[in-house]
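Chains A and B, in that order, are what the protein sequence lines are.
Each residue of the first sequence is one higher than the one before, counting from 1 in my numbering.
Each residue of the second sequence is one higher than the one before, counting from 1001 in my numbering.
Bear in mind the hints are in silico, worked out from the structure with no lab data behind them.
Do not take every clue at face value.
[To be verified] Between beta-carbon pairs, the in silico distance windows are:
(1) Arg288/A / Ala1085/B: 47 to 57 Å
(2) Ala179/A / Gly1050/B: 31 to 41 Å
(3) Pro366/A / Ala1061/B: 20 to 30 Å
(4) Asn1083/B / Asp357/A: 25 to 35 Å
(5) Lys147/A / Gly1050/B: 17 to 27 Å
(6) Val85/A / Ala1081/B: 50 to 60 Å
(7) Thr1123/B / Leu89/A: 53 to 63 Å
(8) Ala1081/B / Asp174/A: 30 to 40 Å
(9) Ala1085/B / Arg150/A: 40 to 50 Å
(10) Lys358/A / Ala1085/B: 15 to 25 Å
(11) Glu1114/B / Gly309/A: 33 to 43 Å
(12) Ser185/A / Thr1123/B: 24 to 34 Å
(13) Ala1085/B / Pro377/A: 34 to 44 Å
(14) Asn1083/B / Asp253/A: 33 to 43 Å
A quick note: this is a predicted structure, and the numbers were derived from the prediction, not measured.
Glycine is no exception: its CB is placed at the ideal position from the N, C-alpha and C atoms.
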Amino acid sequence: MSDPAAPAKRTPLYESHVAAGGRMVPFAGYEMPVQYPTGILTEHNWTRENAGLFDVSHMGQAFLLGPDHDTTARALETLCPADFVNLGLGKQRYSQLLASDGGILDDIMVTRSVDPAEDGALMLVVNAACKDADFALIEQRLPANVKLLRAGHRALVALQGPRAAEVLAKHCPDSADMAFMSARSTRFDNFDCHVSRSGYTGEDGYEISINAKYVATVWDTLCADPLVKPIGLGARDSLRLEAGLCLYGHDIDATTSPVEGALAWSIQKRRREEGGFPGADRIQRELRDGPSRLRVGILPEGRQPAREGAEIHADGRKVGVVTSGGFGPTRNGPCAMGYVEAAFARPGTALTLIVRDKPLPAVVAPMPFVPKRFFQPKAG
Amino acid sequence: MSTIRYTKDHEYIRVEGDIGTVGISDYAQAQLGDVVFVDLPAPGKEVAQGAETAVVESVKAASEIYAPVAGSVVEVNARLADNPATVNEAPLGDGWFLKLRIADTAQLDALMTEEQYQDYLKTLG
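Throw the hints in and build the complete structure from the sequences for me.
Laid out in structure tokens, this is it:
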């Protein structure tokens, strides 16, 4: 984790945030905008209806470079439970870096270059607060013929929302037909960049990785589009919560396994059978027998939010704890996620949340809390 | 004729006779951002000066509201249940939280006047 005593770092877009009236707060060792003057509700709704622009340059970017795809993929598979060997050209996959007991050290996005000439390269994006520890761990575990190259010179912005595609197509025409969880090297106007169709809001959208020297120009160009507004960390959190997506250090951490975290979908069949990742004994056992606890969606009755740390009770005793919770502007009501004992994880199960020493009725609910709207090109 | 006093935690109390109307300042609502829920006490509740009497929830966080003076709750603002955003729109008007029958009006003397509160805000940067 980042050192709280260290001076806060700034992304290459710091000046743009201040100029736009962003309220800067410390986050993962960086000064980041929590909101702009219109506020979190407006930013949240704008992203669900138009296109929101997020600075995520604080996140850790790096390349894994090996002699061929199979070698690089297998090196990463010693740390993560996803199948990277069978990851196609230009495809992206979500996974987790695991500790030897199967606990999650970080979650990670892994992309294989679309260009066959870059065979053997994987692009990694990890969380800001974990990046130094993640990259140190990866380097320590790599075979001699696979190198980690940190990409600290690259910035990262996300353009998210139902109108993100039409906005980006004006500057990057070949982004329009990309499928969700695919990526390609391309150009934004005249700037070389790497674009993936992915995000953290439950909406269609893109992440654009670009040299830090050019990112302010790209940011200003996108912000000049009437369909685009900059969005801060506050709305980023309410958007991802409604989408049922985990926030590392809250919904998943070193004490939770991917199976407990309801992330078993991200462990492909070959890895489930073969194992060969840290904590495989525990994770394979949890896949077979079911975990003792599970991350679930929770909808409180009424309008009062339940926040991180609220105890979850059922049958007159504590059966879990809320790990993220707040008010979902699109739901127009509170929503939360947390861990419950497996017997209480079925959707529809009645729970009682303890909020400021008072009981708040709630129910286990499927996630996401709002429909996902990811893009897939039409077949044929 | 009413007088208004403020706390360092940005609550206000508008006093008419022995009834005080409690809410949060314009500065406080701007800091909190969009208010989505206000948890209000039951009328009749006795509160001590500085005791937690309500909780205001924005999209981002929950914040406690403390009683500026001791008293008993005589009324809460029912409008906030359906329209919590009133706190943002009119914090000193229709966005009030609750009315207290003030136990000891001498407790008001330790609170800030409008002018003192504005000076206090300047020290917060």
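Q) Measuring from beta carbon to beta carbon, are Asn1083/B and Asp253/A in 33 to 43 Å? A) holds (38 Å)
Q) Between Val85/A and Ala1081/B, does the C-beta distance stay in 50 to 60 Å? A) holds (56 Å)
Q: State, for the Cβ atoms of Thr1123/B and Leu89/A, whether the hinted interval 53 to 63 Å holds or is violated.
A: With Cβ atoms ~59 Å apart, the hint holds.
Q) Is 20 to 30 Å a correct range for the gap between the Cβ atoms of Pro366/A and Ala1061/B? A) Roughly 26 Å apart at Cβ, these two residues keep to the hinted range, so it holds.
Q | Consistency of beta-carbon spacing, Gly1050/B to Ala179/A, with hint 31 to 41 Å | A | violated (58 Å)
**Q.** Outcome for the supplied range 24 to 34 Å, where the beta carbon pair is Ser185/A and Thr1123/B
**A.** Because 52 Å falls outside the window, the suggested range is violated.
Q: Indicate whether the distance between the beta carbons of Lys147/A and Gly1050/B respects the range 17 to 27 Å.
A: Since Lys147/A and Gly1050/B have Cβ atoms about 60 Å apart, the given range 17 to 27 Å is violated.
Q | Range agreement (Cβ of Pro377/A with Cβ of Ala1085/B, hint 34 to 44 Å) | A | holds (41 Å)
Q. Given a hinted range of 33 to 43 Å, is it respected by the beta-carbon distance of Glu1114/B and Gly309/A?
A. holds (37 Å)
Q | C-beta pair Ala1085/B, Arg150/A: status relative to the range 40 to 50 Å that was hinted | A | holds (45 Å)
Q: Take the C-beta atom of Arg288/A and the C-beta atom of Ala1085/B, compute their distance, and say whether it sits inside 47 to 57 Å.
A: holds (50 Å)
Q) Is 25 to 35 Å right for how far apart the beta carbons of Asn1083/B and Asp357/A are? A) holds (27 Å)
Violation of the numbered hints given earlier is confined to hints 2, 5, 8, 12; the remaining hints are satisfied by the structure.
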